[in-house]
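Chemist: Following the hints, position chains V and E against chain P.
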Amino acid sequence: MLKLAASTQFDLPTLGKSMHELLCALFPLPRSITGDGLRATISAINDILPLNVSEVPSGERVFDWIVPPEWAIDEAYLEDEAGRRIVDWRESNLHVIGYSEAVDAWFSLDELRPHLHSLPDRPEWVPYRTSYYKRDWGFCIAHRVLGTLPEGRYHAVIRSRLFPGSLTLAETLIPGESSEEILIFAHDCHPSLSNDNLSGVVVAAHLAAYLREQPTRFSYRFVFAPATIGSIAWLARNESVLPRVRAGLVLSLLGAPGPFHYKTSRAGDREIDAAAKHVLATDYPGSCLLPFMPWGYDERQFCSPGIDLPMGRLTRVPNGEFAEYHTSADDTSFVTAEALGEAWLACLRIFEAVERNQYYVNLLPKGEPQLGRRGLYRSIGGYQDVPERQLALLWVLNQSDGNSSMLDIAHKSGLPFRLIGDAADDLEAVGLLALAASARCQMKP
Amino acid sequence: MLKLAASTQFDLPTLGKSMHELLCALFPLPRSITGDGLRATISAINDILPLNVSEVPSGERVFDWIVPPEWAIDEAYLEDEAGRRIVDWRESNLHVIGYSEAVDAWFSLDELRPHLHSLPDRPEWVPYRTSYYKRDWGFCIAHRVLGTLPEGRYHAVIRSRLFPGSLTLAETLIPGESSEEILIFAHDCHPSLSNDNLSGVVVAAHLAAYLREQPTRFSYRFVFAPATIGSIAWLARNESVLPRVRAGLVLSLLGAPGPFHYKTSRAGDREIDAAAKHVLATDYPGSCLLPFMPWGYDERQFCSPGIDLPMGRLTRVPNGEFAEYHTSADDTSFVTAEALGEAWLACLRIFEAVERNQYYVNLLPKGEPQLGRRGLYRSIGGYQDVPERQLALLWVLNQSDGNSSMLDIAHKSGLPFRLIGDAADDLEAVGLLALAASARCQMKP
Amino acid sequence: MLKLAASTQFDLPTLGKSMHELLCALFPLPRSITGDGLRATISAINDILPLNVSEVPSGERVFDWIVPPEWAIDEAYLEDEAGRRIVDWRESNLHVIGYSEAVDAWFSLDELRPHLHSLPDRPEWVPYRTSYYKRDWGFCIAHRVLGTLPEGRYHAVIRSRLFPGSLTLAETLIPGESSEEILIFAHDCHPSLSNDNLSGVVVAAHLAAYLREQPTRFSYRFVFAPATIGSIAWLARNESVLPRVRAGLVLSLLGAPGPFHYKTSRAGDREIDAAAKHVLATDYPGSCLLPFMPWGYDERQFCSPGIDLPMGRLTRVPNGEFAEYHTSADDTSFVTAEALGEAWLACLRIFEAVERNQYYVNLLPKGEPQLGRRGLYRSIGGYQDVPERQLALLWVLNQSDGNSSMLDIAHKSGLPFRLIGDAADDLEAVGLLALAASARCQMKP
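Heads up: the sequence lines are chains P, V and E, in that order.
Going by this note's numbering, the first residue of the first sequence is number 1, and it counts up by one from there.
Going by this note's numbering, the first residue of the second sequence is number 1, and it counts up by one from there.
Going by this note's numbering, the first residue of the third sequence is number 1, and it counts up by one from there.
Excised from the complex, chain P in its bound form:
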């Protein structure tokens, strides 16, 4: 079982630096929902974490969707009559709309405009745009640059191909004592954007690398896949896994400093929700709780009514609340090693809370047991106060009738979960507490 003792020390600066380095290495790769940029990303992660890779062929039906053709791109630019390149895909893969069809033709500026995307409010930034399911092509360009373009003819060149290929899924399963699983998902399809979602990818990869070395109560499954079509494809191919998922997290937007935001599962009151709420409220003051809504990342799929997994989503400041979202400003300087390291530990603490969220029964439930003769209670009486540690023992004894979990008791007592968990360990050690019968231990419906 995963236990982070109060004394457990992590070298978060080093860990954060390692994550940021991986992020920087992944940044320039030309990812999309299919293709070699995506494969190169998986391959780079594989260096620190062995992954099982599978390919879902173009045209395969996954629930209501059909896996699209694979997209490859070799070159893309827009040049003026003088041959000056206005935008060039080699400078930033954001400059081309994802899944643009090939084009090689001259246009007037007016003819071109419907194919040029910019951000009037952020004239220096290049937006990120895609058109996966409708054949189209286009360039993304800084609004300031767009404004300087004189009338004239422009040469639009996109050397891309759409062809029967495949979509790449990657995952690893780290076995624990139980076959029940904690499922962690990070989307890996966005091109040169850091917070969204290389941050989620590197945090997930480093969590997996750590958990592989730890004894854990539950098994941990990490899935890296493109957003939407990727999670849908994974779900469609792994329906038999779903009944084993006890809890899960979608990870994204973890690298830019700012308070954590936990978005609950669809039901809102699952074990993962209680664990995340408690850890964030206790250890990360200022964190925000978001109710479930069917807009966001891949929790839209994991929490669809026919799937309905007990999964929440952990981000820092969520999309829609920071201007850099889906723009060239979400670059490697937008995320910090410190924010990544802190996010890594927050996830670990949430996993710990799920692992330690046992149901116990008090074996001497009539009156309080005499803790003093078991060395668990101070011997001189009469004091006004009671140490928090002893209070935790009394709470665990009082509430352990098999119906209250460690998180329930932490919530009711207002004491930190770890104190409650440690009190339970102490009481179990002296024979006053035992795990509740298996029926009680099951996850809530």
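In case anyone wonders, no lab produced these hints; they're calculated from the structure.
Certain hints may be false.
The list treats identical chains as interchangeable, and a pair is accepted whether it falls inside one copy or across any two copies.
[To be verified] Here are the simulated DMTMM-like pairs of lysine to aspartate or glutamate, each with C-alpha atoms no more than 20 Å apart in a straight line:
| # | residue 1 | residue 2 |
| --- | --- | --- |
| 1 | K412 | D269 |
| 2 | K366 | E239 |
| 3 | K3 | E213 |
| 4 | K412 | D401 |
| 5 | K366 | E124 |
Modeler: Chains V and E only, in chain P's frame:
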């Protein structure tokens, strides 16, 4: 099914004017809980809405009550020794206590005082008083006038009769697709008072006139009857109807400007409560929600424990909160055409919410269906925001597992009900949604 | 059934004075969890309330605990080389740690320090300390006095004995109409401390003396026993009684002025909780509600998971929130006759609320019954307001479907419980209300 599209336009000024004109026509009629004034009122409504009229004979037992004798009055006045009329029933039927016995005698002022009712705090206004079940007689008089009366002898004349007659009930049933009914009740027994309750009467009559011409999912039953004894008599005679009542409203005090006040059903969480709360919160900011209490209008009967219909009450400013209540100041100038028109539309919107409050099931519940290829989703991705219209589609899909109604989803999403309902229509049209099996569609217990 | 009519008058000043006098008489007795000081206390109470006394032998196992040896003390003092007594047990029995072993030896000041207990923050006060289960000895001393002690030799003398004896329990059972019991517990083991808990002892004794003379619906059991080991011993010996306990209160800290604090039962929603909340909110504005926590007085035992009685705790300002707690400043001047008298009445009102918390059924549930002809409703209609008394009648009629108790109705209506109870009496008297069938009357689980 009743659907008010966002584009639906009503000519509320004309409608309000029509209601106010009817109110003015009804105002002078000498109503009471029985008698020809009541019959004349029903007859006038009949001109715009055919009503079924029934008479409940005096002496008939209705639950715990007995229908009282019918009351008729031809003349009533109080004059001094000089023959000057201090009050005269012909000037205002408020001047005589409802159900006064006949009297024709001379009294000293002191002898008379127990029979004179006035409002010391409102010296210009005449109060409204009744004595239906205890034989008594009396006059209601402006306190200022009362103060000017010198000692002397006064001639009290009330030419009234109490005799075996009947109490008049009137109703209409407008059939809908279903035999389940929406029940609307307005008390029609108060004499020359406008807000209480000619306002409820004219709004109800105009709602009925409109709904007769509309296709509706449910049947609508409008009942006009005297307060208390009338609703009790109607209930006693119509117990077989009650199981079909899916929702209902008691209408009163709708003509004087002021915020809407919705008083919930006895349980407080019925479909009508959810519908009224949503419509008022969304479309009529500043509206107030009142918890159920067993004091007020005829909801006291409809929500008695042995009847317990899912009915709420809609008023504007409720009794007890405006000084003009049950006084001569509640005259035709106290109510406005605008307030009546707005109330009419608010009721209609509440009915619409009940009609459209379906339970659906998502037919492709695993993952999100691909809305883009069905023309329901924009094709270029990557934007920071999502249009409200698309959000409504996602909410309906996510929540439609047969357990959440349209009102539930509107409440959870914070989106307007109409947007949710329209999203459901769109999804049903493309085959993604279907009405839940009948068991789910039933009204809540 | 216990009914305190609105007109019931109590001579609280005299009653408070009587309680304070008993408290002063008990104050100097050298109480501990065993011994003759405890027996003398019980004997003094016995003068106003016949008690059944039982002795639990040292060494008897009571649940997880073993009754300790009996402790007797004849003399204790600390003197300097000049024979001056620094502290003397005869001056205050707080000067010796409860259950100190015998000692008669000379020590340097440094050797002595581990055996001297003082309060640096409250230099004039002597703390109260005990060491029941770990053999130790020591003196409690004002910190100012401790500071004046010069280096030198000190003679520590404690002439105490620990020997096989017994622990004294005392109780009385006052039979009511039903064998269901209200259980009242007050710990009686603290030496010369007034608020904690002679206040609870004298209030309990006077409640019992009063209730013996009243007709009551339930039986009342008053238990006086040492804290912790005493309540555990009583519970262990009286398990067969527990199923009959319908409600109960632990009484302590009732003598020092300050707002009432009611701490709920373990479940928090039992009948006693509803009764106490209502009485305190209605009659004692400023009272506080404390959620259950497993730290405090003997509710720790009564609310342990294997006992889990529906018992709350009534105090004024609780321990931990007043500086005098467990110090010599908790003397007879710290408590007042007025505070004791008020606490006595508050308890009685809570008992009344439990006794009168019936479930009724409206025998004419369809529509409102005609209250006017039964003399329960004013005959002239039309008024703006409704008297509170009539409102109570309407609430009781509307809610009495067998599922709502008098306390439920008081809570929902916002009316005082007594008004609701009196309305039910009136309605029962005219045949409109009847007690619900027995199944409904049972206490909640």
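Chemist: Within a copy, between copies, both or neither: where do K3 and E213 come within 20 Å Cα-Cα?
Modeler: Within one copy only: 13 Å inside, 61 Å across.
Chemist: Treating 20 Å as the Cα threshold, decide for K412 and D401: within, between, both or neither.
Modeler: Classified as within; 14 Å inside a copy, 32 Å across copies.
Chemist: Indicate which option fits the pair K412, D269 if close means a Cα-Cα distance not exceeding 20 Å: within, between, both or neither.
Modeler: Intra 15 Å, inter 15 Å, cutoff 20 Å: intra and inter.
Chemist: Between copies, within a copy, both or neither: which fits K366 and E239 at Cα up to 20 Å?
Modeler: Only across copies: K366 and E239 sit 10 Å apart there, 46 Å inside one copy, limit 20 Å.
Chemist: Between copies, within a copy, both or neither: which fits K366 and E124 at Cα up to 20 Å?
Modeler: neither (71 Å within a copy, 41 Å between copies)
This entry does not satisfy hint 5, going by the numbered hints stated previously; all others are met.
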